[in-house]
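*Asks:* Build out the structure end to end from the sequences listed, making use of the hints.
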Amino acid sequence: MDPAVFDTHPPFGTLLGARRQGAAHLRRGISCQDAYGCSHREIHGQPTLALAVADGHGGSPYDRSDVGAELAVREGIRLLLEFAVEFGEQRQLMNNLRIDYARILRKSWREAVLHHEQSLADTDSPPAEGHAVIRRYGTTLLTLLLQPEMVFAGQVGDGKILRIQEDGTPLEPLAADPLLLGMETHSLCSEACDKLWQTAVWARQARETLLLTTDGLSDSFTNNDEFHRFAGSLCALLAGQGTPYVAEQLPHWLDRYSREGSGDDMTLLVLFPDR
Amino acid sequence: MNTERPAPAGEVAKRTLHFFWLADCSGSMAGTKIATLNQSIREVLPEIEEVVKDHPEVRVEMRAIRFSSQAEWHVGPAATPLGRFSWPELRPEGATATSQAIHLLIQKLDIAEMPERGLPPVCILISDGFCTDSSEAYDRAIQDLDAIPWGMKAVRLAIAIGDESHYDEGELLKFVSPGLRKEVGILKAHNKSDLLNHIKWASTAAVRSSSRSYVDDSVRGESSAHIPSNVVLGPPPAPQITNSSDVF
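Protein chains in written order, with my numbering: chain X, 744 to 1018; chain C, 189 to 436.
Everything labelled a hint here was simulated from the structure, so no lab data went into it.
C-beta: ideal position from N, C-alpha, C; glycine also.
Where hints are given, some of them may not hold.
[As the list claims (entries may be wrong)] The calculated lysine to any residue pairs, modelled on SDA-like cross-linking and capped at a C-alpha distance of 20 Å, are: (1) Lys241(C) to Arg770(X); (2) Lys938(X) to Ala919(X); (3) Lys296(C) to Leu924(X); (4) Lys241(C) to Gly772(X); (5) Lys296(C) to Leu922(X); (6) Lys241(C) to Arg1002(X); (7) Lys241(C) to Arg999(X); (8) Lys296(C) to Arg279(C); (9) Lys388(C) to Lys296(C); (10) Lys241(C) to Glu231(C); (11) Lys241(C) to Glu1003(X); (12) Lys241(C) to Leu922(X).
[Said to hold, decoys possible] Label-pair distances were calculated between CB atoms; the ranges are: (13) Pro265(C) to Gln861(X): 53 to 61 Å; (14) Arg771(X) to Pro234(C): 21 to 29 Å; (15) Thr392(C) to His752(X): 26 to 34 Å; (16) Asp332(C) to Arg771(X): 36 to 44 Å; (17) Glu260(C) to Arg771(X): 36 to 44 Å; (18) His752(X) to Arg193(C): 24 to 32 Å.
*Replies:* Laid out in structure tokens, this is it:
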């Protein structure tokens, strides 16, 4: 089994990423519908890092949601970096991300979806209209943009973004939506997805670990407290055992959580600070 | 995986499906009805386990409410894992306090009592007669059930036993999930075979439907406007032609 991808060269720390096909998906021969990505570069003299994870909904109405998740990650990261280029001053950048990012993301993702739809060779079937096409690509999306002084987080749908303090204390910058019950989620394919988009901005803490995950992982624990306990202990393992060890073990751990827990696909991105 | 190597903490658990039986044990259930009910539920438990085997990421936790002149926990209030659940004999006596039974159910469907990311609960009401609480009390119980998120999200089915003049079909239909009132309606058991078949179908189809919702995400993505009915059960079994001595 390949170790989790890890990159020791991004700004702000070491980056670990793993994406695993869920146990229920394996059993049914369904592909993994999660996606993740990262990109970093210097913009206006500032190291800038963009991260994203997405969870395609799966199921028959969302039969291209694996592509929808890939497109969401691609467009989400591209736009984060474009905003950083356009708005050089960090507070201005964060304000504009909060105000405009979701609306522009909605438009960009939909255009990417329609472009993908049009690019398919299967032109025999009658073209589906509007929402029927978009719906097939339905996905969640979680994003982070880091610069030296500030962090921006955005999310539509389920999944978790966690800030883990040096002592292991976890903070959720975006509260779970109390209107979502059980397995329900908001989606990029919803007409009003830009209204459902949640954002948070905070002053970057050099020694905090950041974690993004799809709901397959967080739902595998008995409750949110146990998920937080997992996250805190993961940081302790990174500090104590080292990144290569965790990178090697992470895919195995995720597979076990899926097998013994939710059965869902699992994707985890961890940015562990240099200490 | 080498389990001796350090691993993260955190208790892992499967997705929970809460299953509730609401069983009428009023005096009119005496005789063949209660005997068939007791036997049928015992017989269906292994069949539900078979359904769950197709969904190993799901664990079923079961409870039962019995109601006659009052409602009380038959198995509960703590939930029992399906594999350890057994059905104690129901003994008929008294009236039919259906609304009280629904109120007991509501207590356990409260958001604070349910798992954060659980599957839609399954609730099966089995009765042979009119609710003897006032009609206002019954309607209030249904309104309260419909007012809580997990009440609306639940797979709710009703089985009516015996002669149709002895129960109010409209009353029982109010208990059924709104999305199933046309598709399934009331499951009418005129005889022993019907009751056994309806109990088997309702419990296994409901568990199958609820369990499937975590992979066949047909409910996800567009839930922001309303809480949808996510129930796809298919048609119930046809009534059985049977020996007249089996008729309730």
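*Asks:* Please go over all the hints and tell whether each is borne out by the structure.
*Replies:* Tested hints:
1. Between lysine 241(C) and arginine 770(X), the direct Cα distance comes to roughly 12 Å. Compliance with the 20 Å bound is thereby established for this hinted pair.
2. At most 20 Å may separate the alpha-carbon atoms for a hinted pair to count; lysine 938(X) and alanine 919(X) meet this at roughly 15 Å.
3. Proposed proximity of lysine 296(C) and leucine 924(X) is supported: the alpha carbons are some 15 Å apart, at most 20 Å.
4. Proposed proximity of lysine 241(C) and glycine 772(X) is supported: the alpha carbons are some 17 Å apart, at most 20 Å.
5. In summary, the hint linking lysine 296(C) to leucine 922(X) is supported, as the alpha carbons are separated by about 19 Å, within the 20 Å threshold.
6. For the given pair, lysine 241(C) sits about 13 Å from arginine 1002(X) by alpha-carbon distance, which is consistent with the 20 Å threshold.
7. A threshold of 20 Å between alpha carbons decides the hint, and for lysine 241(C) with arginine 999(X) the separation of about 18 Å falls inside it, so the pair holds.
8. For the proposed pair lysine 296(C) and arginine 279(C), the alpha carbon gap of about 24 Å is over 20 Å, so the pair is violated.
9. At most 20 Å may separate the alpha-carbon atoms for a hinted pair to count; lysine 388(C) and lysine 296(C) exceed this at roughly 24 Å.
10. Between the alpha carbons of lysine 241(C) and glutamate 231(C) the distance comes to roughly 17 Å, so the proposed pair stays at or under 20 Å and holds.
11. Distance restraint check for lysine 241(C) and glutamate 1003(X): the Cα-Cα separation of roughly 14 Å lies within the 20 Å cut-off, and the hinted pair is therefore satisfied.
12. Restraint check: the Cα-Cα separation between lysine 241(C) and leucine 922(X) comes to about 31 Å, which exceeds 20 Å; the hinted pair is violated.
13. In this structure the hint that proline 265(C) and glutamine 861(X) lie 53 to 61 Å apart at CB holds, the actual value being about 57 Å.
14. One distance hint, 21 to 29 Å for the beta-carbon pair arginine 771(X) and proline 234(C), holds here, with the actual separation near 24 Å.
15. At roughly 55 Å, the beta-carbon separation of threonine 392(C) and histidine 752(X) lies outside the given 26 to 34 Å, and the hint is violated.
16. The hinted range of 36 to 44 Å is satisfied by aspartate 332(C) and arginine 771(X), whose Cβ atoms lie roughly 38 Å apart.
17. Between glutamate 260(C) and arginine 771(X) the Cβ separation comes to about 41 Å, which falls inside the hinted range of 36 to 44 Å.
18. Between histidine 752(X) and arginine 193(C) the C-beta distance comes to about 27 Å, which sits within the given range of 24 to 32 Å.
Violated hints, listed in ascending order, are 8, 9, 12, 15; each of the other numbered hints is respected by the structure.
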